[in-house]
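There are 2 protein chains.
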Amino acid sequence: MAQPNAQHPGRHRVVVVGGGFGGLQAVKALRHAPVDITLIDRRNFHLFQPLVYQVATGALSPGEIAAPLRWIFRRQEDVSVLLADVTGFDLEAHEVVTAPVVDDTGPQRVPYDTLIVAGGSAYSYFGHDEWRDVAPEVKSLESALDVRRRILEAFEAAELEEDPARRAAWLTFVVVGAGPTGVEMAGQISELARDTLPRDFRVADPRQGRVLLVEQADRVLTAFPPKLSKRAERALERIGVTPMLRHLVTGVDEEGVTIEDEDGGETSRVPARTVIWAAGVQASGLAAALAEPTGAELDRTGRMTVNADLSLPGHPEVLALGDMVRVAGPDGAPITYPGVAPVAMQQGRYAARVVADRLRGRRSPPFHYLDKGNLATIGRAKAVADVRGLRLSGLLAWITWLAVHIFYLVGFQNRMLVVIRWAISFVTRGRGARLITHRDDRPL
Amino acid sequence: MAQPNAQHPGRHRVVVVGGGFGGLQAVKALRHAPVDITLIDRRNFHLFQPLVYQVATGALSPGEIAAPLRWIFRRQEDVSVLLADVTGFDLEAHEVVTAPVVDDTGPQRVPYDTLIVAGGSAYSYFGHDEWRDVAPEVKSLESALDVRRRILEAFEAAELEEDPARRAAWLTFVVVGAGPTGVEMAGQISELARDTLPRDFRVADPRQGRVLLVEQADRVLTAFPPKLSKRAERALERIGVTPMLRHLVTGVDEEGVTIEDEDGGETSRVPARTVIWAAGVQASGLAAALAEPTGAELDRTGRMTVNADLSLPGHPEVLALGDMVRVAGPDGAPITYPGVAPVAMQQGRYAARVVADRLRGRRSPPFHYLDKGNLATIGRAKAVADVRGLRLSGLLAWITWLAVHIFYLVGFQNRMLVVIRWAISFVTRGRGARLITHRDDRPL
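Sequence order for the protein chains is A and B. Heads up: the first sequence is residues 2 to 445, going by the numbering used here. Heads up: the second sequence is residues 2 to 445, going by the numbering used here.
Among these hints, one or two may not hold up.
One copy or two, either will do: identical chains are not told apart, so a pair holds if it fits within one copy or between any two.
To be verified - Think about it this way: if two alpha-carbon atoms lie no more than 25 Å apart in a straight line, the pair counts; the simulated SDA-like pairs of lysine to any residue are:
id	residue 1	residue 2
1	K373	E261
2	K373	E143
3	K231	D372
4	K231	G257
5	K373	R200
6	K231	R195
7	K29	P367
8	K373	G286
Since the hints were derived computationally from the structure, they do not count as laboratory data.
One chain only, chain A, in its complex shape:
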């Protein structure tokens, strides 16, 4: 294989695995360090994950929340981007083992002096991976497009269905998990059904659509103070979402879901043709790949524990970060930070600092997370915000949410397009990207 970063022989080589929020910040923050960097990802783009749900509901196009990694680093000339699947690590040889994603030319090895792994996480299906095909998650761009197709097709099918029970099943949407993504998805589907689509159909009335938000905990948005959860629940109810708290999904198939009421212990069956998954969390398999040779333990969500400077126990040259790790606290007990972008970004910048410090022979202070607060949007002009004890809801929280997301959207072009799209959608209540694109394309 051509070594992408052969520019400076003898220079310190940093390999960063993962082009999400953590990896991106690590590479950016190494801008002025005397290192050659290889960024490995199996996608050629960075995804602005907090807005993926807007692609899943047709409000934004994929290109508006994704930016090519090569484009982001086109002017950072010490950075090479490698499009490849990471299949393992050879910690003794200091090499990352990869498989190409385009041309199948066999496994390859990328040598490193320092390795930074930011593999992220996915939703867990409570051990039922077979539900994934029926209830796609809103996480990757591809799965978001799959969700978009399913939601739009459900309204199409309802329009053609004469049987009232079957039509109701097409117009019932079950969102599993009431974290920020689940709440946002439920709110958006409800607004789609109530505001955007009613004029589009002639027989079935999209306003008859039901959106159920199933959550095992006793409130939505558990990362927020209980008072804001209550406000979010009321806001959801006002726009037509039915929160089902203390309910557990025990079965999913093409015809619907089985839900258990944790209070009464009763099990009920909900006929629903569209189920969307946003529950549980499962750390990237890269955590296990790092932990296995070192004998480190994984917690039940697959996170491995790293030292206070994010280094792998026994391997100071390997750093790991983001929601695939827990970090050893001052007393040695591991801290589980929330799986949100700010944690990954701060850890990415911190990892870059550790690398730079070491090259200068300095020791870094342990990682410290600065919690700037929590934001979640519920619908048009509705959100909740918990900013350092300041608790906002309604329009003001929504404006905060808007400003923060626009500020962090990568790249000038995307930011401007998203602002315009949102402005138009806000006024017209329309959604421009309501396209059903098929996987199986047939000629005429």
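Given chain A, work out where chain B should sit, using these hints.
Below, chain B without anything else, positioned relative to chain A:
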């Protein structure tokens, strides 16, 4: 099946098959006629086909050149949109036979009083349909996304390939057919390689990419006057495209193409990993489905001949239009109009007029095509235009092209977004939608 247009029992029912330029105009022009309209398409969106090549090269996002059909007709309340595959016609019973595309509930029949069929065309593969998998066409949105993925992946693979010959094959792009789409594709790939990507890669130089434009005729853009073809050829050469005129593709596989020089009769083999098809034309199979029961003949591209008022011989209640038909001329000999959007649009509006005239007991004059001219763009600020004898090239032609395309883009929102995207791309030479999205999405 629920009959989508059961609103006005006893009213004249018009069924329009195909939501392309022809079908869209037919439905729009029937706005004031006392008819119930069902528009059938197997996609839920209208595609602005002349800009599909910009999606294929990452300049525009799918949502920017497509608009949901239901959204377009949301205020035209006599219009029902039916998402279905048309599988045949029962001309005796006056019914269209359809298959659902979402829920497989078996074949359905949609009755009509007047039927308007606008099925369009696809590229033909010179009888080699097996080439389609290796050399996708730039026609549907899905195939354009496939082309985009292949082009971007080719540059990725070149970056990783050490063998110079294999790298050269990854950087060789063959576009088959030098009509407007072929010329536009070739120009855009060359600009992508020369202007957009060079800073993105570290090992392989995208500027070494070769773009071959293979055309059987002795000039590009045969619909234009020879002088403009010459200018277009020179403009293509200046931006790095190699037109191969009087050359015929006789073989396509994953490793390259076999090309026959029609002058010398010599056959050569070009190693190329990316082949894009924009040659030949094959009318929609709906032409054959209409012709078969009536015994009408099809020409070699599968077009059927309709009367001067676009009606099917022997079936005045059936109209067909666009590039799936030839139209009987004054002397009875069929006229083959160019397969461009203006022909389909004028015929769509004409078909609506025929329906309205008949309801008033009037006869319509035969269809007459008003040729407003021909436009093709070659690259950044380069185009050719032939507007009623006025022959333009260069910047002026490009501005004309820009104005016409922006004017005809469906819907305010798309228009504004496209203008902004283009303005940014023009200044930065960037392409925002350079995303490789995979068909096989795997979890982490």
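Outcome of the hint check:
no.	hint	result
1	K373 x E261	neither (36 Å within a copy, 66 Å between copies)
2	K373 x E143	neither (30 Å within a copy, 42 Å between copies)
3	K231 x D372	within (22 Å within a copy, 64 Å between copies)
4	K231 x G257	neither (28 Å within a copy, 62 Å between copies)
5	K373 x R200	neither (42 Å within a copy, 36 Å between copies)
6	K231 x R195	within (23 Å within a copy, 56 Å between copies)
7	K29 x P367	within (20 Å within a copy, 66 Å between copies)
8	K373 x G286	neither (29 Å within a copy, 60 Å between copies)
Hint compliance for this structure: hints 1, 2, 4, 5, 8 are not met, and every other hint is.
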